Structure formats: structure tokens, C-alpha cells
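Number of protein chains: 2
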Amino acid sequence: MTNQKKPTKTTLQTLAGKLGISKTTVSLVLKGDGDRYRISRKTQQRVLECAEKEGFVPDFLARALATNKTATIGIIFPDVHESFMSEMLKGIESVFYESDYSLMISTSGFDTEIEDRNIRQMLHKKVDGLILVPYVPIARNNYKHSYMKLLSKTDCPFVFADRLPENAGSLNWIIQDDFEAAEKAVCLLFEKGCRSIGCMSFNLSTSSINNRLEGFKSGIEGCGLPLSSRSIILLDRQDPHSDDITGRLLRDNSLRTEYDGLLITTGGLAHKTGYLLRKALPADKVPVIAKFGRDPDYFDTGMIQIIQPNVNMGIAAARVLLDKILNRDRSPIQKILKSRIIDIGEKNEEKCN
Amino acid sequence: MTNQKKPTKTTLQTLAGKLGISKTTVSLVLKGDGDRYRISRKTQQRVLECAEKEGFVPDFLARALATNKTATIGIIFPDVHESFMSEMLKGIESVFYESDYSLMISTSGFDTEIEDRNIRQMLHKKVDGLILVPYVPIARNNYKHSYMKLLSKTDCPFVFADRLPENAGSLNWIIQDDFEAAEKAVCLLFEKGCRSIGCMSFNLSTSSINNRLEGFKSGIEGCGLPLSSRSIILLDRQDPHSDDITGRLLRDNSLRTEYDGLLITTGGLAHKTGYLLRKALPADKVPVIAKFGRDPDYFDTGMIQIIQPNVNMGIAAARVLLDKILNRDRSPIQKILKSRIIDIGEKNEEKCN
DNA sequence: TTGAAAGCGCTAACAC
DNA sequence: GTGTTAGCGCTTTCAA
Numbered sequence: 001m002t003n004q005k006k007p008t009k010t011t012l013q014t015l016a017g018k019l020g021i022s023k024t025t026v027s028l029v030l031k032g033d034g035d036r037y038r039i040s041r042k043t044q045q046r047v048l049e050c051a052e053k054e055g056f057v058p059d060f061l062a063r064a065l066a067t068n069k070t071a072t073i074g075i076i077f078p079d080v081h082e083s084f085m086s087e088m089l090k091g092i093e094s095v096f097y098e099s100d101y102s103l104m105i106s107t108s109g110f111d112t113e114i115e116d117r118n119i120r121q122m123l124h125k126k127v128d129g130l131i132l133v134p135y136v137p138i139a140r141n142n143y144k145h146s147y148m149k150l151l152s153k154t155d156c157p158f159v160f161a162d163r164l165p166e167n168a169g170s171l172n173w174i175i176q177d178d179f180e181a182a183e184k185a186v187c188l189l190f191e192k193g194c195r196s197i198g199c200m201s202f203n204l205s206t207s208s209i210n211n212r213l214e215g216f217k218s219g220i221e222g223c224g225l226p227l228s229s230r231s232i233i234l235l236d237r238q239d240p241h242s243d244d245i246t247g248r249l250l251r252d253n254s255l256r257t258e259y260d261g262l263l264i265t266t267g268g269l270a271h272k273t274g275y276l277l278r279k280a281l282p283a284d285k286v287p288v289i290a291k292f293g294r295d296p297d298y299f300d301t302g303m304i305q306i307i308q309p310n311v312n313m314g315i316a317a318a319r320v321l322l323d324k325i326l327n328r329d330r331s332p333i334q335k336i337l338k339s340r341i342i343d344i345g346e347k348n349e350e351k352c353n
Numbered sequence: 001m002t003n004q005k006k007p008t009k010t011t012l013q014t015l016a017g018k019l020g021i022s023k024t025t026v027s028l029v030l031k032g033d034g035d036r037y038r039i040s041r042k043t044q045q046r047v048l049e050c051a052e053k054e055g056f057v058p059d060f061l062a063r064a065l066a067t068n069k070t071a072t073i074g075i076i077f078p079d080v081h082e083s084f085m086s087e088m089l090k091g092i093e094s095v096f097y098e099s100d101y102s103l104m105i106s107t108s109g110f111d112t113e114i115e116d117r118n119i120r121q122m123l124h125k126k127v128d129g130l131i132l133v134p135y136v137p138i139a140r141n142n143y144k145h146s147y148m149k150l151l152s153k154t155d156c157p158f159v160f161a162d163r164l165p166e167n168a169g170s171l172n173w174i175i176q177d178d179f180e181a182a183e184k185a186v187c188l189l190f191e192k193g194c195r196s197i198g199c200m201s202f203n204l205s206t207s208s209i210n211n212r213l214e215g216f217k218s219g220i221e222g223c224g225l226p227l228s229s230r231s232i233i234l235l236d237r238q239d240p241h242s243d244d245i246t247g248r249l250l251r252d253n254s255l256r257t258e259y260d261g262l263l264i265t266t267g268g269l270a271h272k273t274g275y276l277l278r279k280a281l282p283a284d285k286v287p288v289i290a291k292f293g294r295d296p297d298y299f300d301t302g303m304i305q306i307i308q309p310n311v312n313m314g315i316a317a318a319r320v321l322l323d324k325i326l327n328r329d330r331s332p333i334q335k336i337l338k339s340r341i342i343d344i345g346e347k348n349e350e351k352c353n
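Quick mapping for you: the protein sequence lines, in order, are chains V and G.
Just so we're aligned, residue 1 is where the first sequence starts under my numbering, counting upward by one.
Just so we're aligned, residue 1 is where the second sequence starts under my numbering, counting upward by one.
Heads up, some of the hints might be wrong.
Same chains, same names: a pair is fine if it fits in one copy or spans any two.
Computed list of lysine-lysine pairs in BS3-like fashion (alpha-carbon distance at most 25 Å, straight line) [what the hints assert, rightly or not]:
no. : residue 1 : residue 2
1   : Lys23     : Lys125
2   : Lys153    : Lys335
3   : Lys31     : Lys338
4   : Lys126    : Lys69
5   : Lys125    : Lys149
6   : Lys9      : Lys69
7   : Lys69     : Lys125
8   : Lys31     : Lys42
9   : Lys31     : Lys126
Just so you know, these hints were derived from the structure itself, not from any lab.
Values in this document were obtained by computation on a predicted structure and should not be read as measured data.
Can you make the complete structure from the sequences, with help from the hints?
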């Protein structure tokens with residue numbers, strides 16, 4: 001009834017007091033190192049029982065301060081809306097769940113300053129490792145990620161996923177086979193009879209997009225088709241109300257009619273383009289479209305889909321990071337995961353939610 | 001060249017030493033309390049400069065241990081794939097970004113034990129607050145969330161979002177107007193000429209679904225239509241390969257033909273149903289569908305959409321939580337946010353990604 | 001105005 | 001086998 005505000009949280013000290021032994025012994029036993037330090041079975045037993053009875057849980061912050069470890073992983077995404085975020089996250093979670101790590105997540109909302117700040121914040125909060133999906137601003141060719149300097153001098157292990165910043169040659173990363181996937185998609189379009197194949201993309205100077213464009217070119221050449229200045233359509237704006245795909249398609253007549261096949265490097269752009277073309281052209285004039293990204297469940301777009309290994313990318317990134325955290329070996333690990341191409345009408349497992 | 005391993009991290013102590021004053025003074029000044037403690041302007045100036053020069057950053061864990069605050073918010077989602085997660089997250093982030101909080105996120109993957117564990121873990125990690133989107137297992141009518149006990153005895157403020165567990169009457173929560181939205185959607189179907197309106201839903205005993213079902217009934221009665229045992233179709237499985245919508249639609253002929261309007265309580269289910277019905281029936285026999293959830297960009301489903309205020313729900317939940325964290329007032333805050341109904345063919349802002 | 005010192009609760013090197 | 005003790009780096013009360 002008096003100032004019993006504090007239910008006197010059970011601490012190591014409390015336990016030690018109750019048992020009449022020292023904090024050290026208790027700590028050792030509770031960590032499972034009892035045998036290694038040859039603490040008598042009897043003592044161990046008593047400690048365990050008492051801890052159980054008192055519902056002792058070691059204070060996280062105190063331990064973290066002492067060990068400088070937080071069992072927390074930081075993850076930086078460019079944006080929440082990218083559908084691959086949830087898939088990657090699933091993969092990442094599945095790995096870290098086992099080891100009792102928590103995930104601290106932040107998105108940069110397409111703003112490099114925020115991205116920078118978020119990375120700084122995570123390092124400040126002492127995450128044990130970092131998974132980074134870098135954001136690359138559109139149409140700035142020589143953009144340098146300012147956080148690269150920060151990262152270069154941190155002890156905290158990190159791994160890039162999906163796309164790379166500049167100079168990532170000797171760092172850890174997991175990406176997908178953008179080049180090969182684009183190449184194959186072009187071949188598939190060719191097999192379907194397309195002879196005037198174009199490629200449409202946002203003009204992002206990031207590795208994944210670059211690789212897709214290169215893969216496209218290689219595919220075109222591999223099929224013996226000509227490559228012209230009109231083969232690749234680069235969009236400089238993501239804003240639908242300005243000089244982007246809508247405007248281009250409406251103004252440039254030939255753009256609407258000169259292709260019988262189109263490789264589109266991102267899903268959203270593909271859906272929009274498909275939507276516009278279907279509106280603008282008679283059905284038999286709409287080019288065959290191949291695109292990166294999976295269609296939403298239960299919507300048949302009639303496009304060739306390049307399915308990216310997002311869940312696996314998450315798993316791989318998490319595993320690499322865990323390895324770097326646990327082992328002192330800092331030699332870079334780099335992986336390229338395979339995509340899968342789903343042909344038009346090919347059976348795509350159905351999901352329900 | 002020698003054992004200079006440690007670049008001797010700058011600490012309060014270091015600074016104090018360099019300046020020839022005490023830690024206290026430095027700490028006070030750096031926290032901005034210099035004036036309040038009437039520390040001389042000159043000293044303050046010196047401290048600030050020195051801290052700047054040395055690039056001093058207070059150690060997060062040490063401060064957290066001392067203050068028992070982590071500037072971290074825990075968020076529990078049932079699953080990453082629910083599209084509303086990314087929208088809510090956007091809202092939540094927008095609020096906490098300002099105040100320099102980090103977000104620790106975990107998903108329970110439709111498993112109540114994991115959900116429980118995750119909450120426990122977040123409390124253990126000393127999050128300053130918790131946003132919970134509870135998972136409710138399908139078809140278990142009397143399910144009790146075991147974490148309610150845990151929460152009842154924690155000091156950590158928390159707020160429920162989107163749906164409520166049992167006994168949430170006196171807790172903080174933000175939900176949406178499921179009842180009214182369902183009711184209105186039914187009226188809209190009626191206005192469109194539907195006279196045999198059914199409702200299809202997963203059989204989840206959670207507040208949001210219950211409210212939608214009640215809203216449906218109320219709407220039906222409001223329109224003067226009869227309510228029969230066949231008005232509501234409850235599905236007990238989410239597994240598409242078992243006795244769920246697919247099976248029901250294929251086996252039960254009348255199910256396919258007895259409705260001219262359908263209210264469906266979740267987006268994924270609606271898309272699947274629409275897909276199946278369009279396949280099974282001639283176009284003029286497919287019932288008009290109203291459903292919760294927004295269609296994917298650039299896909300016209302021809303359904304009435306009930307757009308839920310997900311971003312705002314995130315914002316509201318975050319604000320409430322922040323308020324509870326900063327103020328000692330613990331009286332519950334509860335809000336119901338409005339949904340918006342988009343009629344078939346109504347212009348829906350287009351996005352590009 | 002400023003400083004000393006007692007925490008916060010745990011870890012780990014070292015002593016007995 | 002078990003205990004002592006010095007950190008980890010910051011906050012905060014109290015005294016000067």
C-alpha cells in the first residue's frame with residue numbers, strides 16, 4: 001500500500017543475493033557456460049530454478065551495452081511500394097527468425113538524403129548488420145552515394161541486394177541475372193515472331209537496369225536483328241503527368257506502331273504501357289510485351305513475365321550477412337540468382353489471400 | 001603503426017578531459033539544457049565546438065540503458081503480403097520520421113505463437129511503443145490472444161490498428177468504418193438494380209470482418225431485401241486447393257447463378273471470385289461485385305471498390321502512440337476512420353511506378 | 001555555475 | 001569452482 005511503485009525488477013544481483021553467490025556465477029550458468037567453467041551441478045541447478053521462479057529475464061540494454069551487440073539487423077529499402085519489398089522481407093525474416101534477431105526497417109522514399117540519414121541512424125543504434133537496397137535517382141548519371149564513405153569506415157557488416165551502387169566490386173552483394181533474363185526474353189519474343197523489338201525503361205543509372213538494357217542489346221544481336229537509336233526508349237520522368245510514357249505514346253505516332261514486341265524493364269511501367277496501348281491500338285496491333293515482374297494474382301495481362309527471385313534474394317542476403325556477423329572472415333561474397341521466365345498463358349500457380 | 005586498433009572513440013569523458021571540465025557539464029550542454037542550468041555561454045561555446053571538432057556522437061546504448069528509452073517503435077503485422085501493410089507503413093513512417101524514431105517490424109506469418117513471441121521480443125528490446133495489427137486465426141470462434149495478458153502488465157504504450165482482439169474496449173485503437181462501408185456498398189449494388197445480393201467472406205472472427213458482415217445485413221434490410229441463410233457465404237479455408245471458393249463455385253450450381261450482386265469482404269478473395277465467375281458464366285450473368293480493397297494500378301476489374309484509409313490509419317496510430325509515449329495520460333484513444341467507395345468506372349487516379 | 005559520484009544491469013578478465 | 005572488480009558510456013541527483 002506504500003510506495004511500492006517498483007516491483008523491484010529481478011536482476012542478476014537480486015538472484016545472486018537470494019542464492020548467496022556472486023553475479024558472475026549466475027551469469028555464467030544462465031548463459032549455459034556453467035559446465036565450461038566447471039560450476040557444480042548443484043549450484044547450477046539452484047541458479048536455474050531460482051531464475052525460473054523469479055521469472056528472470058536479463059536486461060537487454062545492459063547486455064547490449066556490455067557486449068556491443070544488439071541482435072538487430074537494419075534493412076534499407078527505397079520504397080515500401082515496391083512489391084518486391086514484401087517478398088524479400090519474407091526471405092529475410094525466415095532466416096533471422098531462427099536466430100532471434102529483430103529487423104529494423106526503414107525506407108528512403110526515393111530521397112537520397114533520407115536514405116543517408118537512415119543508414120546513419122541504424123549504425124548509431126548499433127545494428128549488428130545491414131541489408132541495403134540502394135535507391136538510384138533517375139536521370140543523374142554520375143550520382144554517387146554519399147553513404148559509401150560512411151560504410152567504408154564502419155565495422156558493421158553489410159550486404160547490398162537487388163542493385164548495386166557504384167564501386168561495389170569488392171563488397172558483399174546478391175543480385176539477379178538481369179542480363180541473361182533480358183536476353184532470354186528477347187529471344188522468346190523473337191520466337192513468337194516479333195521482328196521489330198523495342199525496349200522501354202526508366203532512365204535509371206543502376207546496375208539492374210543497366211544489365212537489363214545490355215541484355216536486351218545482346219539478345220537483339222543474338223537474334224540477328226538490327227539495333228537502332230529507336231530500339232531503346234528511355235523515360236526521364238516517373239511523373240505520369242509529364243513527358244513520360246503517356247506523353248510519348250500519344251505524341252509519337254510511330255512509337256505506337258513501329259514495334260511488334262516490347263521488353264519493359266519494370267512491372268509498373270509495363271502495366272501502364274499495356275493499358276495505354278490496348279486503348280490506343282486495335283487488338284491485333286498491340287505488340288507482344290515481355291516484362292520484369294510478376295502479374296498480380298488473378299489478373300491475366302497476356303504478357304511474358306520475368307519472375308525475379310525476390311524471396312531467395314532475401315534469404316541469400318540474410319545468410320551472407322549472418323555469416324559475416326558470426327565469422328571474422330570479411331572476404332566479399334557475391335551471388336547472382338536466376339530469374340524464371342513465364343510464357344504467355346503458361347500456368348502460373350494461383351494464390352488466394 | 002603499433003596497436004592503434006582502437007581509434008579511441010570519443011566519449012563524454014574524452015571531451016570533458018580535453019576541456020578540463022566535468023562530464024556533467026558537457027552532457028548538459030550537449031542536450032541543450034545549458035541555459036536551463038545557467039552554464040556560462042563561454043563554456044557552452046567551447047563544449048559545442050569541441051564536440052563538433054571531435055565528431056562526438058553519444059553512444060546510443062549507454063544512453064538507452066541510463067534512460068530506459070530506445071526511440072524505437074515495434075510494429076507487428078500478420079503478414080507481409082497484405083497490401084495494406086505497405087500503405088500503413090508509409091503513414092507510420094511519415095509520423096515517426098520527424099521524431100527520429102526507428103521502426104522495428106515483424107510479421108507473424110499467420111501464426112499466433114510467432115506473434116506472441118514477437119511481441120515478447122519487442123518488449124524485451126525495450127521499444128518505446130507498439131503498434132499491433134492482430135492476426136486472427138480462421139474458423140476458431142473462441143480464440144483468445146495470449147499476448148493480451150502480457151500487454152496488460154506492461155508499461156509500454158500500445159495501439160491496435162485495423163482490427164481488434166477480444167476485450168479491446170478500453171485500449172487504444174484505430175479502425176475503419178467497416179460497418180458503414182459495407183452498408184453503403186450494398187445500397188450501391190441495390191441502386192444498380194441488384195435484387196439478389198450475397199456476401200462472401202473468409203470466416204474470420206475478427207472485428208473488421210464481423211463489422212462488414214453486420215454492415216451487409218443492415219444494408220440488405222435497409223434496402224428492403226430478404227436475408228436468407230444463403231445470403232452469406234463463409235469460407236473456412238484459405239487454401240485454394242480445398243473446400244474454399246473454387247470448390248464451392250464449381251460444385252454448387254445455384255451459388256453461381258443465384259446472385260446478381262456480391263459483396264466480398266477482402267480483395268484477394270474478390271479477385272479470385274471474379275476470375276472464376278467470369279470464366280464460368282456468360283458476361284451478362286456475372287454478378288456485380290463490390291469489394292473491400294483497391295484494384296492494382298492499371299487493372300480495371302469492373303468492381304465497386306471500397307478504398308480503405310490505410311495510410312491514414314498508419315498516421316493516426318502513430319500519432320496516438322506518440323501522444324501516449326510523450327504524455328502520461330493513459331486514457332484510451334479510439335478512432336474510426338472513413339472509407340471511400342469508388343463506383344465502377346469512376347476515375348481512379350493513375351499512378352506510375 | 002559546475003563537479004562528484006551513484007546508478008543503469010550485465011560481461012569478462014583475473015584473482016583466489 | 002566461485003567471487004571480485006573494473007568496465008560499458010551516459011544520466012541525474014545532490015552538494016559545493
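Against the structure, the hints come out as follows:
For the homomeric pair lysine 23 and lysine 125, the shortest alpha-carbon distance between copies (22 Å) is at most 25 Å, but the shortest distance inside one copy (28 Å) is not. With identical chains, the CA atoms of lysine 153 and lysine 335 are at most 25 Å apart within one copy only, with a shortest distance of 23 Å there and 47 Å across copies. For a Cα distance limit of 25 Å, the shortest separation of lysine 31 from lysine 338 qualifies neither inside one copy, at 41 Å, nor across copies, at 51 Å. In this homomeric assembly, lysine 126 and lysine 69 come within 25 Å of each other (Cα to Cα) both inside a single copy, at 7 Å, and across copies, at 15 Å.
In this assembly of identical chains, the alpha carbons of lysine 125 and lysine 149 lie at most 25 Å apart only when taken from the same copy (18 Å versus 30 Å across copies). For a Cα distance limit of 25 Å, the shortest separation of lysine 9 from lysine 69 qualifies both inside one copy, at 23 Å, and across copies, at 17 Å. With identical chains, the CA atoms of lysine 69 and lysine 125 are at most 25 Å apart both within one copy (10 Å) and between copies (12 Å). Within a single copy, lysine 31 and lysine 42 get their C-alpha atoms as close as 16 Å, which meets the 25 Å cut-off; across copies the closest is 50 Å, which misses it.
Taking the closest pair of Cα atoms, lysine 31 and lysine 126 come within 25 Å of each other both inside a single copy (22 Å) and across two copies (21 Å).
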